[in-house]
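Peer 1: Each chain is listed here by its residues.
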Amino acid sequence: MASHAVDPHVSSTVQHHFENAEQQKDASTVGMWVFLLTEVMFFGGLFLAYFVYRQAYPAAFAAASNNTNLIIGAANTTVLICSSLTMALAVRSAAIGKSNLIVLFLVLTLVLGGTFLGVKAYEYHDKYVRHEIPGHHFDCRDEAGKACTDAAHTPLFFALYFGMTGLHATHMVVGVGIILFLIGQARKGAYSPEWHTPVELFGLYWHFVDIVWIFLFPLLYLIDRSGAPK
Amino acid sequence: MANHSGHAGPHVVPKLLYFAVFLALIVLTWVTTGVSTVDLGRWNIFVALAIAIVKASLVVLFFMHVWYSTRLTKMIVAASIFWLILLLFLTMADIWTRQMMGVPGR
Amino acid sequence: MITATPPVQTKKNYLNQTEGLKSWLLTHDHKRIAILYLLGVTFYFALGGIFAVLIRLELATPAGDLVESNTYNKLFTMHGVIMVFIFLVPSIPAVFGNFLIPLMIGAKDVAFPRVNLLSWYIYMLGGMFVLTVLFFGGVDTGWTFYTPFSSSYSNGYVILSGLGVFIVGFSSILTGLNFIVTIHRMRAPGMTWFRLPLFVWAHYATSMLQVLGTPVIAVTMFLLVLERGFHIGFFDPAYGGDPVLFQHMFWFYSHPAVYIMILPSMGVVTEIITTFSSKKPFGYTFIAFSSVAIAVFGFIVWGHHMFVSGQSVYAGMVFSILSYVVAIPSAIKVFNWTATMYKGSVRITTPMLYALGFIGLFTIGGLTGLFLACLGMDVHLTDSYFVIAHFHYVMVGGAIMGFLGGVHFWWPKIFGRMYDEGWSKISAIIVFTGFNLTFFPQFILGYLGMPRRYHAYPPEFQVLNVLSSAGASILGVGYLIPFCYLLWSLKYGPPAPPNPWGATGLEWQTASPPPTENFAVTPVVTQEAYTYTKEEVVHVG
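Chains as they are written, first to last, in my numbering: chain A, 38 to 267; chain B, 1138 to 1243; chain C, 1379 to 1919.
These aren't lab readings, by the way, just hints derived from the structure by calculation.
Take these hints with a grain of salt, some might be off.
[To be verified] Each pair of labels, with its calculated beta carbon distance range:
id	chain 1	residue 1	chain 2	residue 2	range
1	B	F1156	A	K225	28 to 34 Å
2	B	A1187	A	F175	32 to 38 Å
3	A	G214	C	T1811	52 to 58 Å
4	B	F1156	A	F218	24 to 30 Å
5	B	W1233	A	N106	30 to 36 Å
6	C	A1438	B	W1233	45 to 51 Å
7	C	V1691	A	G172	34 to 40 Å
8	B	R1235	C	Y1702	19 to 25 Å
9	A	N106	B	W1180	23 to 29 Å
10	B	I1190	C	Y1720	50 to 56 Å
11	A	K183	B	R1235	30 to 36 Å
12	C	T1904	A	G214	45 to 51 Å
13	C	G1827	B	K1211	52 to 58 Å
[Stated by the list, open to error] Below, a sample of chain C positions facing chain A; criterion: calculated Cβ distance under 10 Å:
id	residue
14	L1552
15	S1585
16	L1590
17	P1593
18	H1609
19	G1618
20	L1623
21	E1895
This structure is a prediction, so every number in the text was calculated from the model and none was measured.
We put the beta carbon where it would ideally sit given N, CA and C, even for glycine.
Make the full structure from the sequences, and use the hints.
Peer 2: Structure, rendered in structure tokens:
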């Protein structure tokens, strides 16, 4: 174990059951990765349901997917990717000791994440207005007002749409809460190149949430967009 | 006892690399959007997923620093991919073979 | 020689270091958290046991005369849900894993002590959901919650139960996560992977199962709750849903779950057998790798619960073959334990009685699992009492015997007291006898065609059922006696020395009970595990 110069600020952040800061950071990082592994399997169950039902009802899924707004979806994806960049830059700023930049990039991440959620809220409202929420008033229709192909099975698509994006959005809301906490800590100067583990670990979480969306976008928005007759 | 090949202090990824990855992600997002409007028949889904996998890999390797990380981290990432594939494909092994017997209901 | 500082004879240990309820409810100490879990799992074991009593009372007569069929459905459901999710899954890992893993690897605590405490609160919360279900009138779907009955037709409290399982699952995930990081990153200097006690290997494998499998049942319960609450048709054929998909998702976790329940028990048995044979385990590497193999293979056999569900025959064949393969690492362990005892200096103590009982009963349970893994046979045996006998042999004859063996083996370490060996041996024998009388007749009943989950049966099955119910009463007595002498020992038992059994392992190098920080000085490990030499063998008088 390499010994680092004794930094009173650092040693006060090493918990008593760890030998040193390096072990603590290493253990925390492994812990976050194991947590993300559980999240992969958690979302995985929903991807399985999607996989099964898309295979079973391809026409219904295509019709329902065409009712999502392609440009809004792509733009929102872009927003989320931007937030991943700003988050990565926030972590980098902590690693090079630029406290003010940490706050800046965290705030940008917050704004971009908030924008994503706002757009999702708009989309959900739009689905409500168009009677695409599974339940009593469900009525799937295309742009021309005609009933969707294989309309009887379209509720499955929308159930998965709300389930998967809803779970994703919940993770983002939790993330937004944590960013607020990190901003508060960063403004107090809590993070240094020697210790900025919460920022790093949260960065991992945020990027994971981005990855989930990277898969959700094509699966939910991009089915059969060519409009070619089948 | 930390036993990964230690480096003094945190590793810092060059800003340029982050921006390059970012650019690639944006480009790929709009590529996948555009490709989806082209009729490739049954290949649309494969292309879309392939692009998504490339994007996800870029995020994992560079934004999440897995390229620079310990063997244990890489194993955990590999395990999560492997087990997800297991969940999906072993279940589909049932669904895909249900009609194969040629007997009604089997 | 393991160069730990000899245990200092101090009165301060983790039990009396601080006092007051708050010091327990807000503790970060893995040993105290283990005790908190012990209280929780014991309570739920008793509760699950009460349902078992009611079931066996009803089944003593062929007519459905004690309770109605709807009530009976609730009895076996509550019994299953409580015993599987709230007792067995946490039992050994959350109690003995938490207490012992840091000690065994020479660490001061687990990697994330606060997460550990959180996992206990989450466990208690999930348990409370199930208690609430009980107070409101129960759930009747079977512990397997099959759709569409659970999602569309049941009149029981499915949503609350599903949420309870969901919550308790997170406790399990956090425990597994903590253990993985702890074992990877908190080992003392010199404690290489292949010097670890096999108990630790068993828990590492268990933790893999917990973190990979439990999230899937969590999302399954989430979908079930959504379907039942919002009438969305994920698993409802009326909306195009597939009930078999529910079963796939449910069993993707619930099969590995049975390995979560048995692997820690196998770890306990290995520790007991080596100690009371005063011999290192035969084939350490085989036992270590077979634990991991069971964990990995355990994930690819779940379809053997679904042979007659409508699953494709080809998938059935694949799952059948894989189920045979997964039996191999388990069998390897049985050979290893037996070979460990061969030419060892065997002492028959209470823990050893439980361990020996485990080997016999687990072998029977495991072999009967192979009958069920055979696709053709399972068509006849599925949903019969043969299945019930099989899984009670592995879960009770296996996992619970291991749990009790662990209780008796580590009691002196955990509480610093010795219990009465005479009474403990008697109750071990009563448990073994009662268990076999309860469950062996059930193999025959299943073979003869008695279906499971029925509260009434044809009169020709009564003799075997009466034997089974009689056995259950004996088993119950066997479980109650330890409460008496163990609690008695807390006040009146002789103080325990650091190493009453002459075992190897770092946990025996520190005081009984251990100090809060586990070791006065971090141990440095220079020897292989399980070094029993003639000089080290200590015979308890």
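Peer 1: Decide, hint by hint, whether the structure agrees.
Peer 2: Hints, one by one, checked against the model:
1. B:F1156 <-> A:K225: 28 to 34 Å: 29 Å, holds
2. B:A1187 <-> A:F175: 32 to 38 Å: Holds: the Cβ-Cβ distance is about 33 Å, inside 32 to 38 Å.
3. A:G214 <-> C:T1811: 52 to 58 Å: 57 Å Cβ-Cβ, so the 52 to 58 Å window holds.
4. B:F1156 <-> A:F218: 24 to 30 Å: With Cβ atoms ~28 Å apart, the hint holds.
5. B:W1233 <-> A:N106: 30 to 36 Å: Holds - the Cβ-Cβ distance for W1233 of chain B and N106 of chain A, about 33 Å, lies within 30 to 36 Å.
6. C:A1438 <-> B:W1233: 45 to 51 Å: 48 Å, holds
7. C:V1691 <-> A:G172: 34 to 40 Å: For G172 of chain A against V1691 of chain C, whose Cβ atoms are near 37 Å apart, the range 34 to 40 Å holds.
8. B:R1235 <-> C:Y1702: 19 to 25 Å: 23 Å, holds
9. A:N106 <-> B:W1180: 23 to 29 Å: 24 Å, holds
10. B:I1190 <-> C:Y1720: 50 to 56 Å: 53 Å, holds
11. A:K183 <-> B:R1235: 30 to 36 Å: 32 Å, holds
12. C:T1904 <-> A:G214: 45 to 51 Å: 48 Å, holds
13. C:G1827 <-> B:K1211: 52 to 58 Å: With Cβ atoms ~53 Å apart, the hint holds.
14. L1552: 9 Å, holds
15. S1585: Holds. Min distance 9 Å.
16. L1590: 6 Å, holds
17. P1593: 4 Å, holds
18. H1609: Constraint on H1609 of chain C satisfied, holds at 7 Å.
19. G1618: Constraint on G1618 of chain C satisfied, holds at 4 Å.
20. L1623: This hint holds: L1623 of chain C lies near chain A, its Cβ roughly 6 Å from the closest one there, short of 10 Å.
21. E1895: It holds, given that the least Cβ distance between E1895 of chain C and chain A is near 8 Å, below 10 Å.
Comparing the model with each earlier hint shows no violations; every hint is respected.
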